[in-house]
Amino acid sequence: MLDVVQTPLKSLIARRRPGYTLEAPFYTSPQILQTDLDLIFGHHWIYVGVEPDVPEPGDVMVVDIGANSVLIVRDDDLGVKAFHNVCRHRGARLVHEPKTTVGNLVCGYHQWTYNLEGKLVHADHMGKDFDPGCHGLKPVHLRSLAGLLFICLSDDPPADFDEMAAVMTPYIAPHDIANCKVIHQSDLIELGNWKLTMENNRECYHCSANHPELTIPLFAYGFGFSPDSVDETELKQAQRYEQMVCDLGAQWEADGLPSREVDRLDDMVTGYRTQRLPIDRDGESQTIDTKVASKKLLGQFTNSKLGGLSFWTQPNSWHHFMSDHIVTFSVIPLDAERTLLRTKWLVHKDAVEGVDYDLENVIGVWVATNDQDGTLVGWAQAGARSQAYEPGPYSPYTEMLVDKFCNWYIGRLNALLPR
Amino acid sequence: MGHPDPVAPHLAQGLAPWNADEDDILVCRQVRAETADVKSFIFAARTPRLFHYRPGQFLTFDFEIGGETVNRCYTISSAPTRPHLVSITVKRVPGGPVSNWLHDHMAPGREIRATGPMGEFSTSTHPAPKYLFLSGGSGITPLMSMARSHHDLALPVDITFVHSARSPADIIFRDELDLMGRNLPGFRAISICEADSPGERWGGFRGRLSLDALSVIAPDFRTREIFTCGPAPYMAAVRGILGQAGFDMDRYHEESFDFGTLTGAEDTATAVAVAAPGLSYRVEFTKSRRVIDCPADKHILDAAREAGMRLPSSCTKGLCGTCKSKIVSGKVEMKHAGGIRQREIDMGLALICCSKPLGDLVIER
Numbered sequence: 001m002l003d004v005v006q007t008p009l010k011s012l013i014a015r016r017r018p019g020y021t022l023e024a025p026f027y028t029s030p031q032i033l034q035t036d037l038d039l040i041f042g043h044h045w046i047y048v049g050v051e052p053d054v055p056e057p058g059d060v061m062v063v064d065i066g067a068n069s070v071l072i073v074r075d076d077d078l079g080v081k082a083f084h085n086v087c088r089h090r091g092a093r094l095v096h097e098p099k100t101t102v103g104n105l106v107c108g109y110h111q112w113t114y115n116l117e118g119k120l121v122h123a124d125h126m127g128k129d130f131d132p133g134c135h136g137l138k139p140v141h142l143r144s145l146a147g148l149l150f151i152c153l154s155d156d157p158p159a160d161f162d163e164m165a166a167v168m169t170p171y172i173a174p175h176d177i178a179n180c181k182v183i184h185q186s187d188l189i190e191l192g193n194w195k196l197t198m199e200n201n202r203e204c205y206h207c208s209a210n211h212p213e214l215t216i217p218l219f220a221y222g223f224g225f226s227p228d229s230v231d232e233t234e235l236k237q238a239q240r241y242e243q244m245v246c247d248l249g250a251q252w253e254a255d256g257l258p259s260r261e262v263d264r265l266d267d268m269v270t271g272y273r274t275q276r277l278p279i280d281r282d283g284e285s286q287t288i289d290t291k292v293a294s295k296k297l298l299g300q301f302t303n304s305k306l307g308g309l310s311f312w313t314q315p316n317s318w319h320h321f322m323s324d325h326i327v328t329f330s331v332i333p334l335d336a337e338r339t340l341l342r343t344k345w346l347v348h349k350d351a352v353e354g355v356d357y358d359l360e361n362v363i364g365v366w367v368a369t370n371d372q373d374g375t376l377v378g379w380a381q382a383g384a385r386s387q388a389y390e391p392g393p394y395s396p397y398t399e400m401l402v403d404k405f406c407n408w409y410i411g412r413l414n415a416l417l418p419r
Numbered sequence: 001m002g003h004p005d006p007v008a009p010h011l012a013q014g015l016a017p018w019n020a021d022e023d024d025i026l027v028c029r030q031v032r033a034e035t036a037d038v039k040s041f042i043f044a045a046r047t048p049r050l051f052h053y054r055p056g057q058f059l060t061f062d063f064e065i066g067g068e069t070v071n072r073c074y075t076i077s078s079a080p081t082r083p084h085l086v087s088i089t090v091k092r093v094p095g096g097p098v099s100n101w102l103h104d105h106m107a108p109g110r111e112i113r114a115t116g117p118m119g120e121f122s123t124s125t126h127p128a129p130k131y132l133f134l135s136g137g138s139g140i141t142p143l144m145s146m147a148r149s150h151h152d153l154a155l156p157v158d159i160t161f162v163h164s165a166r167s168p169a170d171i172i173f174r175d176e177l178d179l180m181g182r183n184l185p186g187f188r189a190i191s192i193c194e195a196d197s198p199g200e201r202w203g204g205f206r207g208r209l210s211l212d213a214l215s216v217i218a219p220d221f222r223t224r225e226i227f228t229c230g231p232a233p234y235m236a237a238v239r240g241i242l243g244q245a246g247f248d249m250d251r252y253h254e255e256s257f258d259f260g261t262l263t264g265a266e267d268t269a270t271a272v273a274v275a276a277p278g279l280s281y282r283v284e285f286t287k288s289r290r291v292i293d294c295p296a297d298k299h300i301l302d303a304a305r306e307a308g309m310r311l312p313s314s315c316t317k318g319l320c321g322t323c324k325s326k327i328v329s330g331k332v333e334m335k336h337a338g339g340i341r342q343r344e345i346d347m348g349l350a351l352i353c354c355s356k357p358l359g360d361l362v363i364e365r
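Quick note, the sequences are listed as chains A and B, same order.
If you read the first sequence in the UniProt record's numbering, its first letter stands for residue 1, the second for the next number, and so on.
If you read the second sequence in the UniProt record's numbering, its first letter stands for residue 1, the second for the next number, and so on.
The shape of chain A in the complex, shown without the other chains (with noise of 0.2 Å):
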């Protein structure tokens, strides 16, 4: 009798093994991409760019979800704020371009103007009877995270993101946000379903064989390795790697930068972790020659040796936070097997091009290895359509984080399905 009313997602939720990939049908059946839009994309906090995406009043910026499309502007009060991209006329899509400037919103179809509070302030020919308050922008949950944008289409957004930013602000602020600006942004579209993406991002056994430059800053240790699989050179680097983590974690506290790892990945609804992660040789940044590519500083620092700090966010962020310059991730689902990765590099506001920085030398190591990962979901995806494809067994030294990814959906999922 259960399994004639059970749907066969509830049986897929019900049989997933932990510790396991997912099974098939999760990286590549459409309906379960739409569930995905529609619970995991329309219920939670789906981080989507920077504050200075939109720097000055009648900035717009707009972020497609699935069918939903928000526009999120700066208004004249320097707020942000979030819209449902659609003319409450007869529901035209108001602004088109990805990036523009207004002085309010105007639909091209019929001219209704909307200020930037949402407000509906000209509408032609609609007659004395017709009230423009009962036409306005319907808002969306917007939250800005130490300059970090984050929205949500529920009309009722988890609560808990409030214990998240409460932990995250005074990680995140000194690195001044506001004071930055967007220098480069790439739209990577990768062929697999968004959950390899994410479950790619979450570990580093893949580091060493396929990201050459990204593994000159980054130690790979710092996501786990087995003790029995490293040799006696490889376990000293490991220990330097653990004794960095100690003494540098310990100077940057003391100087007032939060550095200690938190993870509460599949413990809240609104799941994250973080962690200041040494960074090797010079120690600067994630660059090639792990110097600085900026030479003007973020915010107040003075000291280039901040190690990189990482924030990861459930479902769809991660974001690498150093002295110089930042760089954050947002991924967006475009089908069942393909999925958006955007990722935005910042530098100090005042930083100019060529003087303070050279862009090839900021956007470099990530531009590699984001083209590199962009291959490995590739074959990730093209292998879970195989016959032959069943879940195989997450590392539980170098694959934790995957699995709690993996936890965190599944347990989501479980939570929004209808009864």
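Bear in mind the hints are in silico, worked out from the structure with no lab data behind them.
From the three backbone atoms N, C-alpha and C, an ideal C-beta is built for every residue, glycine too.
All clues given are correct.
Chain A is faced by these chain B residues, among others (derived, beta-carbon under 7 Å):
{"id": "1", "residue": "P94"}
{"id": "2", "residue": "P233"}
{"id": "3", "residue": "S314"}
{"id": "4", "residue": "G321"}
{"id": "5", "residue": "T322"}
{"id": "6", "residue": "G339"}
{"id": "7", "residue": "I340"}
{"id": "8", "residue": "R341"}
As a list, the in silico DMTMM-like pairs of lysine to aspartate or glutamate whose alpha-carbon atoms are at most 25 Å apart:
{"id": "9", "chain 1": "A", "residue 1": "K295", "chain 2": "B", "residue 2": "D104"}
{"id": "10", "chain 1": "B", "residue 1": "K317", "chain 2": "A", "residue 2": "D77"}
{"id": "11", "chain 1": "A", "residue 1": "K349", "chain 2": "B", "residue 2": "E344"}
{"id": "12", "chain 1": "A", "residue 1": "K181", "chain 2": "B", "residue 2": "D37"}
{"id": "13", "chain 1": "A", "residue 1": "K349", "chain 2": "A", "residue 2": "E51"}
{"id": "14", "chain 1": "B", "residue 1": "K317", "chain 2": "A", "residue 2": "D124"}
{"id": "15", "chain 1": "A", "residue 1": "K81", "chain 2": "B", "residue 2": "D196"}
{"id": "16", "chain 1": "B", "residue 1": "K324", "chain 2": "A", "residue 2": "D75"}
{"id": "17", "chain 1": "A", "residue 1": "K99", "chain 2": "B", "residue 2": "D346"}
Computed beta-carbon distance windows for the label pairs:
{"id": "18", "chain 1": "B", "residue 1": "T47", "chain 2": "A", "residue 2": "T302", "range": "47 to 53 Å"}
{"id": "19", "chain 1": "B", "residue 1": "K287", "chain 2": "A", "residue 2": "Q34", "range": "43 to 49 Å"}
{"id": "20", "chain 1": "A", "residue 1": "D231", "chain 2": "B", "residue 2": "P94", "range": "52 to 58 Å"}
{"id": "21", "chain 1": "B", "residue 1": "D297", "chain 2": "A", "residue 2": "D64", "range": "44 to 50 Å"}
{"id": "22", "chain 1": "B", "residue 1": "E64", "chain 2": "A", "residue 2": "H135", "range": "43 to 49 Å"}
{"id": "23", "chain 1": "A", "residue 1": "A178", "chain 2": "B", "residue 2": "M347", "range": "23 to 29 Å"}
{"id": "24", "chain 1": "B", "residue 1": "R206", "chain 2": "A", "residue 2": "D131", "range": "30 to 36 Å"}
Mind docking chain B on chain A? Use the hints.
Using the frame of chain A, we list chain B on its own:
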């Protein structure tokens, strides 16, 4: 003998008034930092002169910026009761060509061309027994001139001055407002802040001006003559509050704080607005290859429509931006309602539904 007294020439008897028709050059005497992004620029005539003006009036300056002459009007923040100098107080606007130029380049000794004073926004023009001054941000300047005048004359006054600022660190003339409050029994200055500043928790009124806040601060506001100056959205909000309260708008006066963005200014007589009646300009449209005459007191869109042209437009109130056009040459006077950004105006765009010609024009339409 010895050193000559530098003050004496300025206090000489029978000092002539400054007259822009005779000498329109002012010399910067001093630059004062009022807040992190607001500075006062203090000017004198080239030879000692006295400045006569009504508190609340403005001067029109010719700025030479990047090889171009840019006209801007700034209300005077100093008081005519201290006539030897005249000052303006300017907030740095991101991307604002003139405010940034002033902040970055105006320095003691530098000369600038100015005409005026002009304007009807003054307690002298609308005398009343009780005043309510409402200001937002750098819109404080004309009201400061009025307040300083009343203070300096030490006559009995009844003035409530409510200033809205982003944070306590952004309250312009904060110490001086406090001082005037201590000196004058009938003068009350209250600030409203939206947020704390990094160095100070704000213990006063928080948020924005609202009917509730106003009713607490000045319960008798309906009996006062009201003068308002600030950014366009601020003044729109004030009009909304007073409308809600049923205030008699005959006793309401407002001034756009920056004549570069003439917005919703109702009770302002500006230099550019006083065009001679009957004057008309030639307006050429490049794309439609039409040339029309546009009277100086008519909106360009109206003139074009009357001439049979069908140009894109919708709200005709400066709101929607549908009629946004590039002004290829010539200058216009524009009173928009939010349909265009200052950055666009700086790029030479204008809303022709709410723009009047100030000379012959070529418009890309």
